[in-house]
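Here's the letter readout for the chains.
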Amino acid sequence: MKCRICGNQANIRLSAYNTALCNTDFISFFERRVNRTIQKYKLIETNDVPLVAVSGGKDSLSLWFLLTLTGAAADGIYIDLGIDEYSQISFEKSKRMAERLGRRLYRFSFPGLFEKGIGELARIMKRAPCSLCGVVKRYLMNRACVDGGYTVLATGHNLDDEASALLGNLLYWKEEYLHKKGIALEGRGTYLAKKVKPFFLCSEREVAAYAILRGIDYIYDECPYSEGAKSLLYKSLLNKVEEVSPATKIRFIKGYMERVKEEEVRAEPDRCTLCGYPSYAEVCNFCRLFERFGIAESLKIESYEPARASLQEASASPSGL
Amino acid sequence: MTVRGWRVLFHSPLLLTADCSLFFDLTVLLCYLIAMKVEWDGTVYELEKRLTAGQLLSRFSLSPEAHLVMADERLVTEDYRLSQEENVRIIRVISGG
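Listed in order, the protein sequences are those of chains A and B.
Its first residue numbered 349, the first sequence is counted upward by one per residue in the numbering used here.
Its first residue numbered 521, the second sequence is counted upward by one per residue in the numbering used here.
Hints are computed from structural coordinates only; laboratory data are not their basis.
Among these hints, one or two may not hold up.
[Unchecked claim] Below are the DSS-like pairs computed for lysine-lysine, each with C-alpha atoms no more than 27 Å apart in a straight line:
1. A:Lys474 / A:Lys443
2. B:Lys569 / A:Lys350
3. A:Lys529 / A:Lys542
4. A:Lys474 / A:Lys528
5. A:Lys350 / B:Lys557
6. A:Lys485 / A:Lys528
[Said to hold, decoys possible] Which bits of chain A does chain B cover? Going by a derived footprint, with three or more residues having C-beta under 8 Å, they are:
7. 549-561
8. 578-589
Beta carbons are placed, not taken as given, at the ideal position from N, Cα and C, and that holds for glycine.
Next up, chain A with everything else stripped away, as it sits in the complex (with noise of 0.2 Å):
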């Protein structure tokens, strides 16, 4: 197969676009298209001061890179779940993207304020963890985007992330959530930050292929918790019609994005009456965790800030391209 843009040896096929591309052409292709995204979206505008929310996992971290590299003045988030060796492993990935890129870290961990990793806490509050991690991540980064001055907050979901949680809730016709996995989602005066998917329409494929050849070094095993979710089982259902008909996701994706436009009814988030940030209920899932662990202090976010690192250093891939 040779690359349709320089006729040497493809390095990879994206069947969705009937074509393949060599290293150095993928890489142009892919940045461009998350630009354009970015641009046509108005997901990040010039002035915006981005919070890239990083689980040291391929995404967030491609993310990272790829914002910093385009200019954005980008910052990270990490939230420390307590998962013993494999919160380690990704908090180091995330620890050595920081500082490549010369970024500052915030990091937020659970051991540090609960005792406690996120296991023992979901079944202290009889949840499942995966429900609770999501809970809290939504919490923390929003909370750390704005008490940080950010003013987006940008998250690595790819349109496998997307395609799979679309068909989860179009399965069971959770109405409630439909409308809520837009590109973007805006902000709401100072207590909601506006967020925001840049790999919204690149699929996991692409962006796992981008970080190799970036030489992003990220963490390759899954979460333990994931095992046996059900959005890896609608993944792998998508993948499979893929296969058979290229580019199925995209659509399945942009029919949705079409489709929310028009209806764009969202229920307004009222605000806890305890921290004053975002909560459909009196008290926020966060506050009642607090509560149920009689923590009295402040959130604390530490801060990591490496050495700034020169753009040309941080965008110099390891695979000699």
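Chain A is already provided as a structure; the job is to place chain B on it using the hints.
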């Protein structure tokens, strides 16, 4: 024992004659070529036949939409014929949660 992709085995069957009086020691040297070594999911597999990256994924029943194949740390397309000298690695790209 493996030498430059060749697996070498010593095989020594003992044959017993009908009257149990004689033994024949037939030491046989068996050599066969290991076509490829593939690393997948923390395990190294040896395959006897050279395959393309696409055939390799089929052999492991893996979706090309959810996996990438690397030969000597280089991404390769599904039609690329892998060789025994290359370090071949399959990478899962899907994460859940």
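Going down the list of hints, with the structure as the test:
{"no.": "1", "hint": "A:Lys474 / A:Lys443", "result": "violated, 32 Å"}
{"no.": "2", "hint": "B:Lys569 / A:Lys350", "result": "holds, 25 Å"}
{"no.": "3", "hint": "A:Lys529 / A:Lys542", "result": "holds, 13 Å"}
{"no.": "4", "hint": "A:Lys474 / A:Lys528", "result": "holds, 25 Å"}
{"no.": "5", "hint": "A:Lys350 / B:Lys557", "result": "holds, 26 Å"}
{"no.": "6", "hint": "A:Lys485 / A:Lys528", "result": "holds, 16 Å"}
{"no.": "7", "hint": "549-561", "result": "holds (count 8)"}
{"no.": "8", "hint": "578-589", "result": "holds (count 6)"}
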